[in-house]
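K.L.:
Protein chains in written order, with the numbering used here: chain A, 1 to 252; chain B, 253 to 320.
Where hints are given, some of them may not hold.
Quick list of in silico lysine-lysine cross-link-like pairs, DSS-like style, CA-CA up to 27 Å [claimed, not checked]:
id, chain 1, residue 1, chain 2, residue 2
1, A, 226, B, 275
2, A, 9, B, 287
3, B, 287, A, 182
4, A, 226, A, 192
5, B, 288, A, 192
6, A, 192, A, 252
7, A, 226, A, 9
Rather than coming from a laboratory, the hints here were simulated on the basis of the structure.
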Amino acid sequence: MAVVFQKPKSLADIPLHYCPGCPHGIIHRLVAEVLDELGIEGKAIGVAPVGCAVMAYDYFNCDMIEAAHGRAPAVATGIKRCRPENIVFTYQGDGDLASIGMAETVHAAARNENITVIFVNNAIYGMTGGQMAPTSLPGQVTQTSPYGRDVNHCGWPIKVCEMLSTLEGPEFIARVAANNVKNVNQAKKAIKKAFQNQIEGKGFSLVEVVSACPTNWGMTPQQALKWVESDMLPYYPIGVYKDRTAAKEAAK
Amino acid sequence: MANVTFRTDWCKGCGLCVDACPKGCLAIASDKINKKGYSPAVMVDQEKCIGCAFCATMCPDCIITVEK
Numbered sequence: 001m002a003v004v005f006q007k008p009k010s011l012a013d014i015p016l017h018y019c020p021g022c023p024h025g026i027i028h029r030l031v032a033e034v035l036d037e038l039g040i041e042g043k044a045i046g047v048a049p050v051g052c053a054v055m056a057y058d059y060f061n062c063d064m065i066e067a068a069h070g071r072a073p074a075v076a077t078g079i080k081r082c083r084p085e086n087i088v089f090t091y092q093g094d095g096d097l098a099s100i101g102m103a104e105t106v107h108a109a110a111r112n113e114n115i116t117v118i119f120v121n122n123a124i125y126g127m128t129g130g131q132m133a134p135t136s137l138p139g140q141v142t143q144t145s146p147y148g149r150d151v152n153h154c155g156w157p158i159k160v161c162e163m164l165s166t167l168e169g170p171e172f173i174a175r176v177a178a179n180n181v182k183n184v185n186q187a188k189k190a191i192k193k194a195f196q197n198q199i200e201g202k203g204f205s206l207v208e209v210v211s212a213c214p215t216n217w218g219m220t221p222q223q224a225l226k227w228v229e230s231d232m233l234p235y236y237p238i239g240v241y242k243d244r245t246a247a248k249e250a251a252k
Numbered sequence: 253m254a255n256v257t258f259r260t261d262w263c264k265g266c267g268l269c270v271d272a273c274p275k276g277c278l279a280i281a282s283d284k285i286n287k288k289g290y291s292p293a294v295m296v297d298q299e300k301c302i303g304c305a306f307c308a309t310m311c312p313d314c315i316i317t318v319e320k
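Assemble the whole structure, with the sequences as input and the hints as a guide.
P.N.:
Written out as structure tokens, the structure is:
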């Protein structure tokens with residue numbers, strides 16, 4: 001019998017600390033599989049965020065560095081400019097990338113830094129216990145919005161992919177989801193493309209993965225994935241928002 | 253004939269593999285508990301398994317190995 005599925009080599013052989021049913025584990029695995037498939041584990045440098053994925057540096061077998069809250073794209077910029085032969089990626093949540101790190105993200109995209117950003121959007125602050133995030137949906141109940149997010153008071157959720165795709169800078173902006181097998185397989189393709197773009201020197205690639213937080217949403221893992229489908233994906237539609245190379249080829 | 257093995261000690265019993273299985277081969281054990289204190293996922297109907305690896309694709313803890 002041949003092995004058709006096993007843990008990728010780039011993922012460390014230790015148990016993950018995430019809550020039961022947290023899609024972070026799935027997304028970690030996708031990134032590790034892509035590192036394996038492209039054969040770049042030895043020259044990849046990952047930048048871990050602050051948030052639930054803060055301990056991502058323990059889970060990937062490539063070199064990892066921890067950035068101050070939200071500053072992963074700035075740290076990645078520094079690493080990539082000093083060591084252009086390495087493959088540099090960041091792995092960030094929505095509280096990290098879309099809140100305190102929004103400036104770093106937007107400017108790294110505007111400069112078209114040749115880095116790969118994996119953005120996990122679960123519409124809540126997970127590690128700190130379920131507070132409202134910039135990406136929390138209108139009406140979503142969180143610790144800091146117990147009556148639901150009031151958009152007149154707190155503003156509207158930020159659609160990061162749509163916003164970044166209006167910039168001239170970035171090469172590739174895509175949104176995928178990790179809520180079922182089909183979407184997970186699509187997510188892997190987008191993540192692989194984001195790494196290939198960097199290898200080919202094309203520039204800034206960001207993949208937003210719409211994820212779930214069963215613990216802080218107060219749901220079972222199954223309910224949480226259904227909520228992603230029914231509530232999150234209508235507000236955050238999956239798709240490729242910007243692909244400069246494909247657009248150029250289509251214009252020929 | 254496919255073979256699915258679980259690293260049971262690392263299972264958190266979230267049940268995403270059970271939901272993902274198109275053949276209904278898997279279940280959360282009602283009579284077992286692992287080191288972490290969770291009831292782990294187990295294979296209940298080996299004969300039906302087609303080795304599609306949907307369970308492993310959805311497993312957040314990467315504890316499933318599929319052979320075919």
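K.L.:
Each hint needs a verdict: does it hold in this structure or not?
P.N.:
Results of checking the hints against the structure:
1. A:226 x B:275: Judged against 27 Å, a Cα distance of about 20 Å means the pair holds.
2. A:9 x B:287: holds (25 Å)
3. B:287 x A:182: With Cα atoms ~32 Å apart, residue 287 of chain B and residue 182 of chain A exceed 27 Å; violated.
4. A:226 x A:192: The given pair, whose Cα atoms are some 26 Å apart, holds under the 27 Å limit.
5. B:288 x A:192: Status violated; Cα separation ~33 Å.
6. A:192 x A:252: Cα-Cα ~25 Å, so holds.
7. A:226 x A:9: Violated - the C-alpha atoms of residue 9 of chain A and residue 226 of chain A are around 31 Å apart, more than 27 Å.
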